[in-house]
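Undergrad: Here is what each chain is made of, one letter per residue.
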Amino acid sequence: MRIRYGMLGLALMAATPAFAEETPKRGGMFTYMIPADAPPSLDAHRETTYATLHATAPFYSVLIRIDPSNPSSPTDYVCDLCTAMPTPTDDGKTWTFKIRDGVKWHDGSTLTAADVTKSWQELIHPSAGVLSARLPYYAMIDSVEMTDASTVVFKLKFATSAFLPALADPFAYIYKKEILERDPHWYEKNVMGSGPFRFKDMQIGQSISGERNAQYYHPGLPYLDSFTGIFTPKQAVEIDAIRADRASMEFRGMPPSARDQLVKELGDKIVVQTGDWNCVNMITPNHGKKPFDDPRVRRALALAIDQWRGAPALAKIANVRTVGGIVFPGSPVAATKEELQKIAGYWPDIEKSRAEARRLLKEAGAEGLSFELLNRNVDQPYKYIATWVIDEWSKIGLKVTQKVVPTGPFFDGLRNTTFDVTVDFNCQGLINPAMDVGKLLPHAVYSENYGNYEDQKDIDLYQAMLHETDPAKQRAAMREYETYVLDTQAHAIMMPWWERIVPMRAYVKGWKIGPSHYVNQDLATVWLDK
Amino acid sequence: MSATLIDDPPLPQRSYWKIFARFCQQQPLGTFGLMLVIVMAVVGFSAELIAPYNPTANDFAAMTEPPSWQHLLGTDQFGRDLMSRIIYGARTALIVGLTSAIVGGFSGLILGVGSAYFGGKIDLIVQRLSDIVMAFPLIIMALAVVAIFGPGVQNVILAITIPLIPRCSRVVRSSALTVREMPYVDAARACGFGATRIILRHMVPNVMAPFLIMVTSFVGQAILAEASLSYLGLGVQEPVPAWGLMLQGGAEEYASTAPWIAIFPGLAIMLAVLGINLFGDAMRDALDPKLRER
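Residue numbers (our numbering), protein chains in the order written: chain W, 1 to 530; chain L, 531 to 824.
FYI, nobody ran anything at the bench for these hints, they're computed from the structure. Be aware that a few hints might be false.
In the EDC-like style, the derived pairs of lysine to aspartate or glutamate whose C-alpha atoms are separated by at most 20 Å in a straight line are [as the list claims (entries may be wrong)]: (1) W:Lys264 / L:Glu595; (2) W:Lys457 / W:Glu468; (3) W:Lys316 / L:Asp589; (4) W:Lys395 / W:Glu468; (5) W:Lys395 / L:Glu578; (6) W:Lys399 / W:Asp294; (7) W:Lys316 / L:Glu782.
Based on the sequences and whatever the hints tell you, model everything.
TA: Here's what the structure looks like:
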């Protein structure tokens with residue numbers, strides 16, 4: 001064990017940025033894996049899966065994005081198609097973007113503000129029969145207008161810090177206006193963008209490939225001649241492919257055991273990048289079922305769990321790491337450890353916490369409660385989380401069995417609220433705390449909430465936080481909202497936030513891990529040191 | 531003649547102990563199998579007394595520890611003692627194996643003998659239905675049943691029991707067809723006995739030899755099927771200790787870094803099925819008059 005982690009330490013050290021220090025080499029073909037069967041479609045506006053994004057992001061441009069040289073930052077936005085990040089006017093309600101000159105589509109025509117405007121109009125107000133998957137995220141946008149051939153103006157309904165993260169959505173590809181007007185479904189099966197790589201070929205269920213776009217507007221990029229993404233849904237195949245150098249990496253993330261195995265076998269030929277992931281599992285009791293309608297019982301469930309001791313242990317076997325509240329731990333509006341420790345489920349003294357849990361259960365007449373925990377048939381980290389919390393609950397006398405079902409029946413169970421208590425999740429792309437925490441709103445307001453409750457105070461606290469533009473005041477409002485949903489009402493119990501672990505061949509350079517597997521996937525800065 | 535009969539010495543009464551001793555002497559492999567089964571049964575049903583640790587208690591200070599004096603078979607990724615989980619897993623295997631085999635076997639027995647006795651359309655319908663069920667391999671049928679009813683111990687038992695019924699019924703029926711033509715069955719019918727009495731009192735006891743052999747083999751098949759379903763994530767669920775489930779958690783992710791997590795549950799499955807199969811084979815030999823004479 002010591003040897004293994006010693007080697008891992010070396011590998012992690014080797015993973016520290018080669019970004020600025022080394023001179024990139026040009027050329028070469030980069031082969032990576034996409035851990036999926038195939039993308040449901042090629043249109044990122046309608047899809048929510050990395051299977052689409054990892055396959056198509058290298059072909060497209062976006063308006064703004066998280067800085068590819070600093071993707072871990074939740075606030076470092078830079079222009080992609082715009083010329084400079086604007087300062088808002090009209091009390092933060094008007095944002096004016098200047099579009100680069102001379103950007104060419106892969107068909108040779110010129111990209112203009114009209115294309116950007118049309119793409120965003122389709123995202124916000126999709127044509128009939130067209131799906132825009134992240135529509136609620138753009139709720140603050142009132143209109144998008146082109147004022148001249150190189151200017152796009154976004155007008156907001158209200159000023160909010162949630163706007164820029166929504167705008168930097170990596171799925172918000174800029175499509176060609178003419179194509180969208182001709183056939184809004186064209187991009188579901190075809191590729192034509194302005195990104196660093198031109199589409200070359202796609203074999204359904206096997207691979208997708210692209211070649212260097214010599215007319216790319218970011219000078220000197222991309223470094224690679226070409227790339228091939230191979231669809232590999234089986235983790236064992238991925239490990240074998242990296243081991244045999246048939247592929248260099250996959251971008252989504254692997255469990256600790258896979259990392260340990262590759263590091264043990266490949267030594268300094270492999271490096272591992274890790275970081276917090278904007279994904280978290282949570283435990284959601286069904287408020288519509290007794291005794292989970294009683295906040296004392298829900299609080300007891302939270303108080304039984306030793307987050308501070310559990311998270312570092314689970315990190316050794318599952319892709320989870322950081323104890324956090326409802327906000328991504330790296331965000332400026334996230335709770336500090338001291339703030340968390342005041343909330344039920346995060347108390348530093350676990351014995352005191354469990355004594356309180358027992359007292360609450362007794363008071364609620366729910367001592368020795370038996371129930372079933374619904375879970376999804378996904379190992380990492382769902383099943384690990386469930387095995388851990390079931391043991392934690394047994395320490396206050398609860399008898400919990402687990403019902404693991406495939407993804408389809410799992411979602412049926414969530415939507416029909418037939419469960420007692422479920423393992424739930426909140427996975428988001430860009431760090432956008434004000435929008436991400438909407439998961440804790442009642443189902444009537446946020447369709448992906450499965451707690452089966454109505455709570456006007458919950459909504460009011462959220463709206464106050466969302467509309468607050470002063471960072472300090474918004475942070476305070478977020479604390480009030482968080483304390484209410486996790487402690488006062490215990491609507492859900494947060495589990496440790498996920499950890500993203502990306503083992504990669506050491507010769508792959510120029511790519512940095514971010515808190516989302518959706519971010520920084522256009523491969524423009526990737527180069528091969530061989 | 532009658533004097534001769536009276537003067538004949540009484541047949542020696544063989545005690546069960548002597549029968550067992552003779553079985554052990556003539557079937558050493560079967561005896562070894564029986565010992566394995568007995569050990570498994572004793573271990574499984576007295577798990578609370580034998581297991582050194584709580585099989586579901588996580589111990590983060592002892593995660594993936596190799597075998598040692600503290601943990602004779604090592605620990606899994608949650609720090610749970612593997613020996614304790616294997617001991618408790620024997621109970622799960624026995625409960626699923628025995629229940630499926632006994633329920634499936636007895637259902638098949640009644641169905642097979644009844645089908646043979648009544649014959650005609652009843653026999654035709656029962657046998658064609660059996661053909662349909664038997665067209666699917668056991669594990670495929672079990673997978674289908676679990677997919678419909680969901681995972682869990684009861685559903686796994688149901689899933690394994692259903693495909694066992696026609697298999698037993700088919701073998702028992704072939705023996706029962708011969709028994710049906712025996713004069714004592716005709717005599718019972720001539721005496722006016724009802725079908726139920728004839729089947730239960732006169733036919734079933736005479737097909738017990740193949741039936742017992744089938745049931746014994748079913749236990750092994752059921753244990754394997756349970757392990758397979760659990761391995762596929764469709765059987766019993768964490769944190770219940772079950773051998774197949776232990777293989778699922780350990781074999782895939784820790785095969786190279788902590789191989790004991792996969793090896794010991796795999797060995798447990800292998801020994802249990804080997805023991806049951808050896809015992810079943812020996813029992814078949816012991817109950818077969820032709821083989822017994824040799």
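Undergrad: Quick one, are Lys399 of chain W and Asp294 of chain W close enough, alpha carbons at most 20 Å?
TA: Distance ~18 Å between Lys399 of chain W and Asp294 of chain W Cα, so the pair holds.
Undergrad: Run the distance test for Lys395 of chain W versus Glu468 of chain W: straight-line Cα separation, threshold 20 Å.
TA: With a Cα-Cα distance of about 41 Å, the restraint between Lys395 of chain W and Glu468 of chain W is violated, given a limit of 20 Å.
Undergrad: Within 20 Å, alpha carbon to alpha carbon, are Lys316 of chain W and Glu782 of chain L?
TA: Given pair Lys316 of chain W, Glu782 of chain L holds - Cα atoms ~16 Å apart, limit 20 Å.
Undergrad: Please verify whether Lys457 of chain W and Glu468 of chain W have alpha carbons no more than 20 Å apart.
TA: Distance ~17 Å between Lys457 of chain W and Glu468 of chain W Cα, so the pair holds.
Undergrad: Lys395 of chain W and Glu578 of chain L: Cα distance at most 20 Å?
TA: holds, 18 Å
Undergrad: For the pair supplied as a hint, Lys316 of chain W and Asp589 of chain L, is the alpha-carbon distance within the 20 Å limit?
TA: holds, 13 Å
Undergrad: Mind checking the alpha carbons of Lys264 of chain W and Glu595 of chain L for me, to see if they're no more than 20 Å apart?
TA: holds, 17 Å
When each numbered hint is compared with the structure, a violation occurs for hint 4 only.
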